[in-house]
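Participant: Residue numbers (our numbering), protein chains in the order written: chain V, 1 to 522; chain Z, 523 to 1006.
Check before you lean on any hint, since a few could be wrong.
Said to hold, decoys possible - Now the stretches of chain Z that chain V is said to cover, found in silico as 3 or more residues with beta-carbon under 8 Å:
1. 783-793
2. 840-846
Said to hold, decoys possible - What follows is a list of derived Cβ distance ranges for each label pair:
3. I545(Z) x E137(V): 18 to 28 Å
4. L592(Z) x P144(V): 42 to 52 Å
5. S898(Z) x A334(V): 21 to 31 Å
6. I545(Z) x F299(V): 57 to 67 Å
7. K840(Z) x G335(V): 25 to 35 Å
8. H727(Z) x P71(V): 21 to 31 Å
9. Y436(V) x S546(Z): 49 to 59 Å
Bear in mind the hints are in silico, worked out from the structure with no lab data behind them. Glycine included, every Cβ here is placed at the ideal spot set by N, Cα and C.
One letter stands for each residue in the lines below.
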Amino acid sequence: MIVEEENLKKIENYPYLSVEGLVTQFFTSGGIVKALDGVSFNIKKGEVMGLVGESGCGKSVTATSVMDLIPDPPGRIVKGKIIIDGFNIIGDINKLAKIKVKSEKNVIIKRNRKLIKRHNFILSKIRGRTISMIFQEPSLSLNPVMSVGKQIMEPILLHNRIEISNSIIRRETITKEQIRTFYTEALKIKDAMERRKYVNQWTNMFGVAESQDSILELFNSQASSDQIERDLENFLFGEIEGTNLRVIEKVRDYYKTQEELFKLHTTLLMAEENADSELIEKISMEIRNLQRKSNKELFGFKITYKFLRKRIDIPYVKEARRRALELLKLVNIAGAERVIDSYPHELSGGMQQRVMIAMALSSKPKILIADEPTTALDVTTQAQILELIKELKIVTGTSILFITHDLGVVAEMCDKIGIMYAGNLVEEAPVNDIFYNPKHPYTIGLLKSIPRSDVKRGDILESIPGSVPNLITPPSGCRFHPRCSFKMDICETNKPKLVELDDNKNQKVACFLFSREVESSE
Amino acid sequence: MSDNNEKRNIVLYVSHIKKYFDISSGLKKSKGKVRALDDVTFSLYEGETIGVVGETGCGKTTLGRSLLRLIEPTAGDVYVNLPQEIMNSIINLEQRLNEIVDQDNVSKEDKNEQIKEVLKELGPLRKKYSLTKIHKREMKEYRKLMQPVFQDPYSSLDPRMLVKDIIAEPMKLLTKMSSQEIFKRTLDIIQEIGLSEDHLYRFPHEFSGGQRQRIGIARSLVIDPKVLVLDEPTSALDVSVQAQILNLMRSIQQERNISFIFISHHLSVIRMMADKVAVMYLGKAVEIAETNALFTKMLHPYTRALLSAIPIPDPKTKINRIILEGEIPSPSNPPNGCHFHPRCPVAMKNCGWSAQDLAQPIREMLDPFRNPESESFPRIIRIVTDNDENKIEIDFEDILSEPQESVRAINNLIQKESRLKGGIKFLAIDKVEAISADKIVITFIKYDVPKLKEVSKGHFVSCLIYEDTGQVKRDEVPNAEILA
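Using the sequences plus the hints, can you model the full thing?
Facilitator: Spelled out as structure tokens, the structure:
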């Protein structure tokens, strides 16, 4: 019993996303920009973490690094671990490219094409499915030549093929017996909510969720069982428009092999990380076998699929469109039926951002990265979007990494906050500790320099002297020392480590005022 | 504060300034007008700051540019830095004119006569002093008095000019100073804004955003203007740098007694910087008040929603947030009456509900899926909205068998809808008539247009809740608890 409870606790505290010692650099003609210099944090299930800092401090680079979307060239993740749901997505980062630094401005990068291909294959199955992102400028991140409906359907079609295939096959092969058991079961349930739940489950399973309301009405209408049966059959078989079950099965098989390949590759990656040679051999063998098998069996299909893709995809697109509509309703867009066919320029900023959120949520991700989702919006629209994100967090239970420079927004949205400065996390603590008990001099300065609504006219705002340093030649030691009013000698030479405070285990600070621990540089 | 005002001079008076942009398309010259700035009036004392806030597209920037005559205003007058007697008489005349125009119980001829009388006096003054009426050549004199500071310090400095030339340019163009004098002045000013002499010989790209904004401020200050129009001066900057710039501007104001027009969408910054605030919505000023009064006793529902929408950097403060529905409407076709009424949580029936607002709700009301009662009507061919005459026509496919019965049914539906959430708009329906066998016409009650009225001293608000129009009593305001 006790063991079980402990396990449960472990699961609860199990970080969905954990970043360890992340180093990202940009190799430019002007020199190496050390954008991130050893960033570490964890996000647990259902937790919202805020990343705050001035522009150029590495907030967005952290977000894009976590998605592994750093543009290469010039940028590369050099070191570190990004563990998403137990799997280190950059476990092979050192093998992807050999970086030879001759001088600041002369860096030779040798890329391993084959491994990069494998890396991208694995990441393509993770991005948008377990982790997805809301971008800063909705008007720039939506495709102007595609209707928003199509854009939302894209990730659905990419990640949910097997599920959709299964529901189509189930619907097509349904027997009268199954229909009969369904409605006798449903009629037995007297509680309206329970019945709705049951019907909802059933209709989703068979991919006819749009007729859920009609089915419920049918049950309430006291019609005879023959009548119900006939109508139900109509709902189900009304869908048939010459869908070729064999083709759908082939599509499912194709995506199933892809999925299996993905799983094998991830285990292979983990094995390589642990240098488990036996396992590596075994898995490589399996991958080769699977590829050979799929080449043999699915060769004909792949060619057909290439040429007749549009035709074959018709039932999938239909289902994806239904889901897209559902998502648009989830994000409170008025007139979703109209909006789904409109183009981004026809929508206002707030609506575009809602579409972006719908797209990010399309595959029920475990982690959502929101990179300044409200910076480009007006305050009243911002209030609407923040309210929406809060609601969605409760409904879907995703963890959120919330990036913003507005301390007001983090105070409202986040459970814990990380303060960033010049590529380092300088302080990490629960919201209340950051606002009422800030420790790091930079956090204190930042908090004092915001014009709060309770600052009256005539008060002088305290400001931090100087400006954010150039990251090509960052200051030595603690990167904040040139602007810090508590500077000591040690700050110039050594870099402080992010350590827990003695009296508060939740609050971590990287400053020599609180701990003498030095971050080891390899 | 108010005692000081009597002694202080009014340095700027803006009267009914308007800017309409034409929507032109192809051969047809004008398709309509975008009312970017619609009738804004305010005055500004010496050394005072007025903050202008509002959402995107509410006309803040247009206001700043029209004042400087960077764009030609469509109508209205701007008076700046006149001898106090002239300024006072102008303000008196303008206000009298305004009162005459606002009179309700006077015949048109009488009104015109009175207006003529006032204009006889005011006309020559306007021609002589109003910035919008004087000739462009004479503007040069006034440019010395009013200077802009622009939003984006990255695009408002010429990248090919040295900082010393950038700062010297206004002096070269507007004054007759010798080059030695100009250089000496440049040196003084660069030190005043917190940079040093060697910064003069650099190009703008060598500076950070905060430093560039300092240079922009130096350029505006160098010819000692009386009024500075600051158009979102810190929105492109980081918070820690923003604080430096705000402090700098405050110390400049104290030293030189300059008046600021501070345009920003950031309400906390406005609270810190401004003496009084004008809140704008769709080209109109909806509330003007002293800063403290506005932030503690805001009256207009829009101000309330706007203020409640700011996230407060304090996790323990929980605000009762009013979330506005929908988006800002297009200024080319603004709602009738009070522009804010379609989004207003406390809208009343006379706030401006008209045919264009109700076409869609009436269509929904007659949808048999929503209201089974409307199944008895024949199919509807179309619902026509007539915006000019403010009526809605419903064309049916077949003849109504009993028109009076249908009218009664529709009336019942309207009553039912008006009891639902957001049903206040249905109360604005005056009459439902069957004018022919297959046509029903819906007409609306007369709506009122709110005017900017002084509610308490120095607190102006444009909202019907604070006006007595005779149509709605004070205690009939829906959701009045929001305003409490």
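Participant: Range hint 25 to 35 Å: satisfied by the CB atoms of K840(Z) and G335(V)?
Facilitator: 32 Å, holds
Participant: Using the Cβ atoms, figure out if I545(Z) sits within 57 to 67 Å of F299(V).
Facilitator: 59 Å, holds
Participant: Honestly, do Y436(V) and S546(Z) meet the 49 to 59 Å range at C-beta?
Facilitator: 57 Å, holds
Participant: Quick one: are I545(Z) and E137(V) within 18 to 28 Å, going by C-beta?
Facilitator: 27 Å, holds
Participant: Checking C-beta pairs, does the region 783-793 of chain Z have three or more residues closer than 8 Å to chain V?
Facilitator: Our answer is that it holds, as 6 residues pass the Cβ test (under 8 Å) against chain V, meeting three.
Participant: Has the hinted range 21 to 31 Å been met by the Cβ atoms of H727(Z) and P71(V)?
Facilitator: Hint holds: Cβ distance 23 Å, inside 21 to 31 Å.
Participant: Are at least 3 residues of the region 840-846 of chain Z within less than 8 Å of chain V when you compare beta carbons?
Facilitator: holds (count 3)
Participant: For the hint 42 to 52 Å, verify it against the beta carbon of L592(Z) and that of P144(V).
Facilitator: Violated, since L592(Z) and P144(V) (Cβ atoms, about 31 Å apart) do not stay within the stated range.
Participant: Go ahead and decide if the range 21 to 31 Å is satisfied by the Cβ distance of S898(Z) to A334(V).
Facilitator: Cβ of S898(Z) to Cβ of A334(V): about 29 Å, so the range 21 to 31 Å holds.
Checked against the numbered hints given earlier, this structure breaks only hint 4.
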